[in-house]
Amino acid sequence: AQTVTQSQPEMSVQEAETVTLSCTYDTSENNYYLFWYKQPPSRQMILVIRQEAYKQQNATENRFSVNFQKAAKSFSLKISDSQLGDTAMYFCAFMENNAGNMLTFGGGTRLMVKP
Amino acid sequence: ETGVTQSPTHLIKTRGQQVTLRCSSQSGHNTVSWYQQALGQGPQFIFQYYREEENGRGNFPPRFSGLQFPNYSSELNVNALELDDSALYLCASRDARGAVNEQFFGPGTRLTVL
Numbered sequence: 001a002q003t004v005t006q007s008q009p010e011m012s013v014q015e016a017e018t019v020t021l022s023c024t025y026d027t028s029e030n031n032y033y034l035f036w037y038k039q040p041p042s043r044q045m046i047l048v049i050r051q052e053a054y055k056q057q058n059a060t061e062n063r064f065s066v067n068f069q070k071a072a073k074s075f076s077l078k079i080s081d082s083q084l085g086d087t088a089m090y091f092c093a094f095m096e097n098n099a100g101n102m103l104t105f106g107g108g109t110r111l112m113v114k115p
Numbered sequence: 001e002t003g004v005t006q007s008p009t010h011l012i013k014t015r016g017q018q019v020t021l022r023c024s025s026q027s028g029h030n031t032v033s034w035y036q037q038a039l040g041q042g043p044q045f046i047f048q049y050y051r052e053e054e055n056g057r058g059n060f061p062p063r064f065s066g067l068q069f070p071n072y073s074s075e076l077n078v079n080a081l082e083l084d085d086s087a088l089y090l091c092a093s094r095d096a097r098g099a100v101n102e103q104f105f106g107p108g109t110r111l112t113v114l
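For the record, the sequence lines run as chains A and B. According to this note's numbering, the first sequence is numbered sequentially starting from 1. According to this note's numbering, the second sequence is numbered sequentially starting from 1.
Here chain A stands alone, though its shape is the one from the complex (with noise of 0.2 Å):
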């Protein structure tokens, strides 16, 4: 079974600087999809970025981007020029190809944005 871990259980980082969210899983699947999904106050989780296994570009949406280590099963999300709203909880997620919906997610870390 997939395993998924967030070792920072909260994190916090001042307006407009940078962070790093750390998230490692395992896994004896060589095809897979990563996650990291943002789930704020107001409880709806939404996709942050996504990342495909096979891909060995890291990817990068505006100020989120991701740090892809496969050897390492290491996943972690750079946030940069934080904002107030990026304020939430951050959960990592494994998704198996060919998997469907079911998603495996870490404990979560939750992020204060200070001003």
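It is possible that some hints are incorrect.
[Unchecked claim] So these bits of chain B aren't anywhere near chain A, every CB distance computed over 10 Å: (1) Leu-11; (2) Arg-15; (3) Glu-52; (4) Phe-60; (5) Ser-65; (6) Glu-82; (7) Ser-86.
[To be verified] Label pairs and their calculated CB-CB ranges: (8) B/Leu-11 - A/Arg-110: 22 to 32 Å; (9) A/Gly-107 - B/Arg-63: 22 to 32 Å; (10) A/Arg-110 - B/Gln-17: 31 to 41 Å; (11) B/Gln-41 - A/Tyr-54: 27 to 37 Å; (12) B/His-10 - A/Glu-15: 28 to 38 Å.
Keep in mind that the hints were calculated from the coordinates and are not lab data. Keep in mind that this is a model prediction, so the values were computed, not measured. Glycine residues also receive a C-beta, built at the ideal position from the N, C-alpha and C atoms.
Guided by the hints, dock chain B onto chain A, whose structure is given.
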């Protein structure tokens, strides 16, 4: 804000009762999944439905069951409620023909079991 809605927003039940939670998928989405998110934890996969058939299940007992209707709305039913069933229940829908990241979550139903 996505097109996935869930009802009710909050619900309080007592141990042993039964509960039905509802999800209305985004238009055109034929696959729906349900997740349980205990307080302070990440969501855990319960099961998923595709074209009204269950086609994947996590480590949850049979008292957790579901239905998916032709209009792609769905229900999660939990029988014989236990205190540990208190959690946020999320549904997520996608079009099986679309990209794997086109998966949209609803705002959840907060269930409290007393």
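* Asked: Looking back at the hints listed earlier, which ones does the structure fail to meet?
  -> none
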